[in-house]
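Student: For the protein sequence lines, the chains are A and B, in the order given. Read in order, the letters of the first sequence are residues 1 to 195 in the working numbering. Read in order, the letters of the second sequence are residues 1 to 195 in the working numbering.
Please keep in mind that the hints were generated in silico from the structure rather than gathered at the bench. Mixed in with the good hints, there may be bad ones.
Identical chains share a label here; the pair holds if one copy fits it or two copies do between them.
What the hints assert, rightly or not - The calculated lysine-lysine pairs, modelled on DSS-like cross-linking and capped at a C-alpha distance of 27 angstroms, are:
id, residue 1, residue 2
1, K165, K11
2, K131, K53
3, K50, K156
4, K53, K160
5, K160, K50
6, K165, K131
7, K160, K107
8, K11, K53
9, K32, K165
10, K131, K156
11, K53, K107
12, K50, K11
Number of protein chains: 2
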Amino acid sequence: MSPDIETLIQKISRLPGLGPRSARRIVIHMIKNREQIMEPMLMSLDNVLKNVKVCPLCSNIDTFSDVCSICSDLRRRRNLVCVVESVADLWALERTSCFSGLYHVLKGLLSSIDGRGPEFLMLENLQQRCKENSVEEMIIALSATVEGQTTLHYIKNFFKDQNIKITSLARGIPMGGELDYLDNGTLLAAFSARG
Amino acid sequence: MSPDIETLIQKISRLPGLGPRSARRIVIHMIKNREQIMEPMLMSLDNVLKNVKVCPLCSNIDTFSDVCSICSDLRRRRNLVCVVESVADLWALERTSCFSGLYHVLKGLLSSIDGRGPEFLMLENLQQRCKENSVEEMIIALSATVEGQTTLHYIKNFFKDQNIKITSLARGIPMGGELDYLDNGTLLAAFSARG
Numbered sequence: 001m002s003p004d005i006e007t008l009i010q011k012i013s014r015l016p017g018l019g020p021r022s023a024r025r026i027v028i029h030m031i032k033n034r035e036q037i038m039e040p041m042l043m044s045l046d047n048v049l050k051n052v053k054v055c056p057l058c059s060n061i062d063t064f065s066d067v068c069s070i071c072s073d074l075r076r077r078r079n080l081v082c083v084v085e086s087v088a089d090l091w092a093l094e095r096t097s098c099f100s101g102l103y104h105v106l107k108g109l110l111s112s113i114d115g116r117g118p119e120f121l122m123l124e125n126l127q128q129r130c131k132e133n134s135v136e137e138m139i140i141a142l143s144a145t146v147e148g149q150t151t152l153h154y155i156k157n158f159f160k161d162q163n164i165k166i167t168s169l170a171r172g173i174p175m176g177g178e179l180d181y182l183d184n185g186t187l188l189a190a191f192s193a194r195g
Numbered sequence: 001m002s003p004d005i006e007t008l009i010q011k012i013s014r015l016p017g018l019g020p021r022s023a024r025r026i027v028i029h030m031i032k033n034r035e036q037i038m039e040p041m042l043m044s045l046d047n048v049l050k051n052v053k054v055c056p057l058c059s060n061i062d063t064f065s066d067v068c069s070i071c072s073d074l075r076r077r078r079n080l081v082c083v084v085e086s087v088a089d090l091w092a093l094e095r096t097s098c099f100s101g102l103y104h105v106l107k108g109l110l111s112s113i114d115g116r117g118p119e120f121l122m123l124e125n126l127q128q129r130c131k132e133n134s135v136e137e138m139i140i141a142l143s144a145t146v147e148g149q150t151t152l153h154y155i156k157n158f159f160k161d162q163n164i165k166i167t168s169l170a171r172g173i174p175m176g177g178e179l180d181y182l183d184n185g186t187l188l189a190a191f192s193a194r195g
């Protein structure tokens, strides 16, 4: 195998969710479809590399000059902020179109195992923005995992004296969920929060 | 989401084995690791795009000037040819280092459903090479699927009057295979070909 192809397969196989076998399949597919797939892919990758930056306000990734398209959108409410773990979660919320405020993207959740301390949350930065925009509600939209909930409590505690209403995502039965198949924790949460 | 990122996600999600969710994960991972992953990936993709070609003799993909590194390797036996379905299969055989001859890579297997006729096998091309190299043995290394076996029989029939020994891969129990878990066809083949 040519070293160029080997290098490309190696690089692709290290992407999340892929391995050597899927990387080989992808590379062969791209080489076979040079004009339709490989060249556009190269251009697209180059565009993203050249144009995409991290927003200095909310840490969203986007193409922009000063701040990202969400932070610069004047129709969005400035006094509402939503804390998410990652840009993937920001995109997931944006797909639902349920939120019209601004975001604060963490660099990761608190995790003693992975050595992520409070500096990954950039809460001073968030506090500063809350003051400037007179934020009234902060929605902490984190995963219902141990790390997510630890981080939730840490942020709640950090902002406890700041006169900001702090909310988090509701717990309950997911759409289409059948009672018999739910875990105890979910069922308990759904039962306690009945209404 | 920025249109540049959206385009890239769309293109990646169309690669074999990937979907929108894994494509989003990959793009975020690349953007987060700009210097370590995204830039080297772009360079590597560009190298392959610039340098990799399809070998005019065996249809292998490689970096070369006239013919691929296998066809131009003088240590390989010219009177032995192995027919494979795709470059992935060629790579799989090369990893075992069991074969020291040249290859003939098909453009696909015969398939009436997918509309692939004998022109995908390029057998005139192969016949020409067999004459030039006075090929003594042709190993037809195709998958044990209906399409693979149909193609095997077609090729065997095509070369039946040419005084070339035509062989195909042995059938039997795969390494580590337990009798009780094998399908009937495999067990039957292993039993008939016992030795």
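Student: Compare the structure with each hint and give your call.
Tutor: Hints and how they fare:
| no. | hint | result |
| --- | --- | --- |
| 1 | K165 with K11 | neither (45 angstroms within a copy, 41 angstroms between copies) |
| 2 | K131 with K53 | within (25 angstroms within a copy, 59 angstroms between copies) |
| 3 | K50 with K156 | neither (37 angstroms within a copy, 54 angstroms between copies) |
| 4 | K53 with K160 | neither (32 angstroms within a copy, 63 angstroms between copies) |
| 5 | K160 with K50 | neither (41 angstroms within a copy, 58 angstroms between copies) |
| 6 | K165 with K131 | within (13 angstroms within a copy, 83 angstroms between copies) |
| 7 | K160 with K107 | within (22 angstroms within a copy, 66 angstroms between copies) |
| 8 | K11 with K53 | both (22 angstroms within a copy, 20 angstroms between copies) |
| 9 | K32 with K165 | neither (56 angstroms within a copy, 31 angstroms between copies) |
| 10 | K131 with K156 | within (16 angstroms within a copy, 80 angstroms between copies) |
| 11 | K53 with K107 | within (15 angstroms within a copy, 42 angstroms between copies) |
| 12 | K50 with K11 | both (20 angstroms within a copy, 17 angstroms between copies) |
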